[in-house]
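Participant: Here are the chains, one letter per residue:
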Amino acid sequence: MTLNFCEKFLNQADKLPDKQILRMLIDGEYIPLTYKDIFEGACRYEHALLKAGIDSGDVVIIILPHGLDLIFAYFGVILNGSIPSIMPFLTEKLIAEKYRKDFRSLIEISRPSALITFPDFKDEIEHLNTYKSSLEAVIISDEIGFNHNLTGEIITHAGLLRLENEIALLQHSSGTTGLQKGVALSHKAIFNQLESYQTALKINKDDVIVSWLPLYHDMGLIAGFLLPLLYGIPLILMSPFDWVKAPYKLMQAVSKYKGTLCWLPNFAYNFCAKKIRDRDLINVDLSSLRAVTNCSEPMRFSSHEMFINRFKPYGLNKNALATSYAMAENVFAVTQAGIDSPITYDEVDLISLQENKIAIPVKEGNRSVVMVSAGRPISNVEVKIIDSSGDFINERQIGEIVIRSNCMLNGYYKRDEITRNSFIDDWFKTGDFGYIADQEIYISGRKKDLIIIGGKNIYPKDLETIVMGVEGVHPGRVVAFGIYNEFKGTEDVVIIAEIEDEYVDKKEQIIEIIRKKVTRESAITLRTILLVDKKWLIKTSSGKIARVLNKKKYIEEIISNVKNNVS
Amino acid sequence: MERIEESLMEKREVISMLQSRIAKDILNIPEKLITHDESLISSGLIDSFSLVDLSMLVEDAFDVRIDDAELNSDVFDSLDQLASLILSRVK
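The listed protein sequences derive, respectively, from chains A and B. Using the working numbering, the letters of the first sequence correspond one by one to residues 1 to 567. Using the working numbering, the letters of the second sequence correspond one by one to residues 1 to 91.
Derived pair list, reagent style BS3-like, types lysine-lysine, alpha-carbon separation capped at 30 angstroms:
1) A/551 to B/24
2) A/552 to A/357
3) A/249 to B/24
4) A/552 to B/32
5) A/448 to A/384
6) B/24 to A/275
7) B/24 to A/552
8) B/32 to A/274
9) A/275 to B/32
10) A/516 to B/32
11) B/11 to A/275
12) A/98 to B/32
Hint data in this document are derived by calculation from the structure and do not stem from the laboratory.
All chains should be built: construct the whole structure from the sequences, respecting the hints.
Facilitator: So, in structure tokens, the structure goes:
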């Protein structure tokens, strides 16, 4: 039985040194890497960490763009027995101050010993030194030696001594406040997940995984990186920045390397269906795909239809559509559908779902909604639904989804209280609402007012706080929520703010300021900003702004008005 | 002199067309007036998910191709710069 990541990786490198396990699309070319290449690259980083005095069990933050160094650094940290955590790098539209603030909170809570980054990030590092930090070393990718044969110098990799219950990696969920909560996962939990998930996926020797997902996201890290690399499944990896500008590259990669497995958030189905030109699909053959798994955003029937209709002429098999319900706290997958049999779509009565919290199959003539099944739990995971008092409830009744497995998090790193509050007995409370029908899990909503855009979690409160800082906006009278956009397959953010009387004639300027401020401080591009007069927003009895009620009011008063005016 | 005026006029037309199409089709805020030197990409006005829409819009409207590698603020960031890029390819 393998104990830890380091051993698992070294076993692969030992057994199949020349296997081309990874091809990375970099500047238009696929760079092939064997296990030996990755091992040698990783040894250079291990050496740098050793030289800097970074110990086994220390947290090492990696901030690197898509490229070979990201791969080498990750496995270098593993060889050294340290705990890797990949963090997104600064994009140009985020203001540096906001990024630094997030980063500072990450450092204060996770107490990393080292940071591995790239030359462009040097300026940021200067800022880090201006406050007290746990960082003992900053390792810059281009200062890593390339010419020495360092592999011979390291006799025992410290990573081999890590115990199965010790933390293997930290996963920070993406989103506005995600950096303050690192999910700590043990070696054993990750192996338990990956082994069970492989059985669910029916992994075989012909499988090839194609991914554009970022490695700082659990879906990208687990399904699109660790699963293939630790278990010898060839991986074709491209940068999310390349994919978003040229989604056709994903299809071309599948065609070129006979990709069989791919994971996409729901919006990507719409994105690929709408934003690829025919000329970029000439000679593209997607018939090798056996599972395109929709995961990490609410799954929509219409997105599946759009995707299959667009790519069927290019050989995409309808039965390749798959779904999964997953979360970093369970390493990754909780459920999987679409492997042995097609996904189940459950058409339920809309009113009953919304008002009675029960999902009953629709009777002819009634308004309905098509629910997409996330499938059955994978073999090592149990799923139940509880009501608000914590009792288990029956099939088709909607409540909070709780899970229990042998691949749960060790805890939120250094956040014991949050960890404790996330469990009810030994069941983890997911914060998602849903129901079970015929042992399949359906997700119907979320407990917290969370907005999910393209797989990224946005907390409305963070956006509201940003908007409250704008001159002319009535303090405390702002609401943010998400509205599903059928065309995009994901949510759009709506901001409604009450303005002070004396600013009524400056609405346009205020909208512009809000738009810019939100984009710069949260990296969210706002489409809809509505400025309203005082007292428009509905408050709860405790005086708080009620998001759900205001969203309802917005839909009823504003959207339907627009529709009525148009028609 | 005449040629300079002609090309200036041409550029103004390109900018004006981009202005209205971007506001309407990409930003979905038809009333938004984008100024000719306002930064589009580095400011986040056009987010990464919309860059491909921008290249499709330019190709459909002007029959000019923008390679995906060119969709970044180092190549163009304002309507002014985008119009120059388009005109340099039309000719």
